[in-house]
Amino acid sequence: MRLSELAEAIGVDFSGEECEISGLGTLKGAKRNELSFLDNPKYIKDLATTEAAAVLVSPKYADAVPEGTAALVDEEPYLKLALASAFFAPVPMKRSGAKPLIGEGSEIAENVAFGKDVVVGRGVTIMPGCYIGDEVRIDDDTLLYPNVTLYNRTIIGKRCIIHAGTVIGSDGYGFAHTKEGKHVKLHQLGNVVIEDDVEIGANCAIDRGTLDATVIKEGAKLDNLVHVAHNCEIGEHSLITGQVGLSGSTKLGRNVVMGGQSGTAGHLEIGPFATIAARGGVTKSIEGGKVYAGFPLMEHKRWLKLNALLSRLLEKKK
Amino acid sequence: MRLSELAEAIGVDFSGEECEISGLGTLKGAKRNELSFLDNPKYIKDLATTEAAAVLVSPKYADAVPEGTAALVDEEPYLKLALASAFFAPVPMKRSGAKPLIGEGSEIAENVAFGKDVVVGRGVTIMPGCYIGDEVRIDDDTLLYPNVTLYNRTIIGKRCIIHAGTVIGSDGYGFAHTKEGKHVKLHQLGNVVIEDDVEIGANCAIDRGTLDATVIKEGAKLDNLVHVAHNCEIGEHSLITGQVGLSGSTKLGRNVVMGGQSGTAGHLEIGPFATIAARGGVTKSIEGGKVYAGFPLMEHKRWLKLNALLSRLLEKKK
Amino acid sequence: MRLSELAEAIGVDFSGEECEISGLGTLKGAKRNELSFLDNPKYIKDLATTEAAAVLVSPKYADAVPEGTAALVDEEPYLKLALASAFFAPVPMKRSGAKPLIGEGSEIAENVAFGKDVVVGRGVTIMPGCYIGDEVRIDDDTLLYPNVTLYNRTIIGKRCIIHAGTVIGSDGYGFAHTKEGKHVKLHQLGNVVIEDDVEIGANCAIDRGTLDATVIKEGAKLDNLVHVAHNCEIGEHSLITGQVGLSGSTKLGRNVVMGGQSGTAGHLEIGPFATIAARGGVTKSIEGGKVYAGFPLMEHKRWLKLNALLSRLLEKKK
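Protein chains in written order, with the working numbering: chain U, 1 to 318; chain P, 1 to 318; chain D, 1 to 318.
Errors might be hidden in some of the hints.
A pair counts as met if it fits within one copy or between any two copies, since identical chains are not told apart.
[Claimed, not checked] The calculated lysine-lysine pairs, modelled on DSS-like cross-linking and capped at a C-alpha distance of 25 Å, are:
id, residue 1, residue 2
1, Lys-158, Lys-182
2, Lys-45, Lys-99
3, Lys-116, Lys-290
4, Lys-305, Lys-316
5, Lys-305, Lys-94
6, Lys-60, Lys-251
7, Lys-116, Lys-251
If you are wondering where the hints come from, they were derived from the structure by calculation, not from laboratory data.
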């Protein structure tokens, strides 16, 4: 799509040099023919070095857009990004008679539905009712239990086990809000990458990244009914137990343990070997190697003291 | 079914005028040929004006039943209602060769199963593994990702997106309890109505109304693993994030925001433009336009003060 | 499998009497030709009377293994058990043309997939998209809504209702941890047994037992998005509402009530007729017949006092 056409379609003035836009990217990740944006000032450091063809920015940052990159200036750059995203969203289901490429020794049940250009390795088992979207890759010896849904472009490593009903690659919860209180969908153009030896329980929901990937690293184990929002990264050998919820863009180091029904806010980091007790609610970045509990989160020792203190106060009041 | 037969079947004495009963309704909503009930005294104000053919009531309210409506008097009216509901529950799956009526430009995957008398608009996409129950209506340009289940009589508006694995129209959690501690199912005879431009995440569960409809209004956006109980109403453009749970008959005004893992008790109202922070637990009706947090719920400012106070107390004790 | 071969395969020295091992069992439940283990010292009382052919134990308990039972001595008995479990895990999906045995008057939708040796009673309804695994038993008049997954060897009683998307029999979250921080799967060899008149809501996940069964007893009712971990037991006529999570091996007595989003730690007991208020977090065994709330859990009366106390403290500070 021509940049001038795109600008017109989303209602932004544009008078710079014409070029072809083939997708969207973050300031850091955008390729030479992609449109990027600056909304959260936290990312302004990435503006100077972006390779994007054009960047949506508010007027106050217009001058900081580097040479060679077009500035698309607007009071609501995130809303305009959402409008632009609709032009790059793939069709959810390509109609195609193309057969998946299936490796030796794989067992595919009869009523499994495949999108286009799927590649399945050797020794893979896919049970009835699964849906394997366009351009999905499933590596050797992985097992999908019944009624699993893999959205398009999901990548799954070797020896993974995905339990029944789990959904991988659904759209992240991304909306730009208008002044009238409506919500404009930011089409989710990323995907999900699951590395080797990952196990995911039943009826989980793992959202695709907005522009990049949501990543679950090698050897991580997720229990049932876990919610992983867009752009999260779960470190190697982490243990995520039942009904945990991770908000968007949160990164867990390796061997993080999260107890049942715990959760995190978005855009934070949890250091390696941190343990969050059951029901813990992580509200900001925390260092690794420690045990935490409570909401708002504190060190587990402090949480025990707090409970003891409350008990004493209650006794006194009697 | 004749009223005298129904009364006999559920073990209630009846000696009034005979009539035909064709369904159940609330005091307010019951039609001229329906049976209603009074259990929660909160609804006694609706008794005088009900149009129901008959009303199940306990002896103390028998005299308040208006003329022209038969009183079915029993010590356990709710239990008797549950017994009566079994006679009006539709068959879960009608066997029928009838083809759904599909609008122009719609893409229906091969292994989608349809109930009887389904109507699908134009430009609709239904992906593999979905089940579309009897008498469902899906309006133009709506997209159903794989393995979505729509129970019978679900109504979905235009341009909606329903992510994979989500269940719409399942039975609400409604039981009458016997003196022996058993639970008698109150068959859920309502449905779910989803208005235009609603998006619902993966693996959610939206229960049908008991007698009326559970309603999700225009432009509301739900994240993954959300639980919406029977008879809830979610206002226009509300934002319901991951793992939120709404108990039965709770009504949200427009543009309500509920943070991750928050929840509500049943039978309460949340005013428009209220924001509930993550993990907030709403225990009674609250006015709109404010920010709340904590469990039990309080204003967010107060919750911050409470946490600061607890921190100070902990420091003092050292 | 010969015991000497198994010992070699999992890297444990063995020099006792040879025998054939056909499965794994708990100390209490193991049959004469099964391998058992002692890891949690809590179970040492069961060692003397075990009938297991062999027991994996750490060196300090080696002498306590009774005569007639071989001791497989290792510093990491649980890790070795996990390695051994891989030899007894059934194939997830047997390829077979065998038709299920279906009772009179049952309605099975067209696109239901069956494993091998399934037995379905009379008057059963199975809706589209369900998967019924190998050797499953479904008794008379039970109703499965669409897209339900029953893993192999699940047993379901009479007049049960299972709502759409629910998964029964998925693997429990069981891993042995290596010194390098990796997790070795303990294959889950038990199953799920659901007694008569149980109703389970939409998109729940009920894990199979590790070696024995996860049991849901007669008349229990579960709401939507409930997580039941391996080896749990839910008592007769218990009420488990939306988004509740039960950790492994927890036992509920009869008529327990658990409010929305409540949860339990593992390996504890909840007495009959106990009520846990919404959001309550059960951290140790509790007696029946009382009402509890809060996290950590306390009696509901105390929780009300605690909230009142905190309110007073907040007012004072103003």
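Hints, verified against the model:
In this assembly of identical chains, Lys-158 and Lys-182 lie within 25 Å of each other by CA distance solely across copies; the values are 16 Å between and 42 Å within a copy. Within a single copy, Lys-45 and Lys-99 get their C-alpha atoms no closer than 46 Å, and across copies no closer than 58 Å, so neither meets the 25 Å cut-off. Proximity of Lys-116 and Lys-290 under a CA criterion of 25 Å is satisfied in neither setting, with 46 Å inside one chain copy and 48 Å between copies. With identical chains, the CA atoms of Lys-305 and Lys-316 are at most 25 Å apart both within one copy (16 Å) and between copies (12 Å).
Proximity of Lys-305 and Lys-94 under a CA criterion of 25 Å is satisfied in neither setting, with 58 Å inside one chain copy and 54 Å between copies. Proximity of Lys-60 and Lys-251 under a CA criterion of 25 Å is satisfied in neither setting, with 30 Å inside one chain copy and 41 Å between copies. In the homo-oligomer, the alpha carbons of Lys-116 and Lys-251 never lie at most 25 Å apart, since the shortest distance is 32 Å inside one protomer and 43 Å across protomers.
Violated hints, in rising order: 2, 3, 5, 6 and 7; the structure is consistent with all others.
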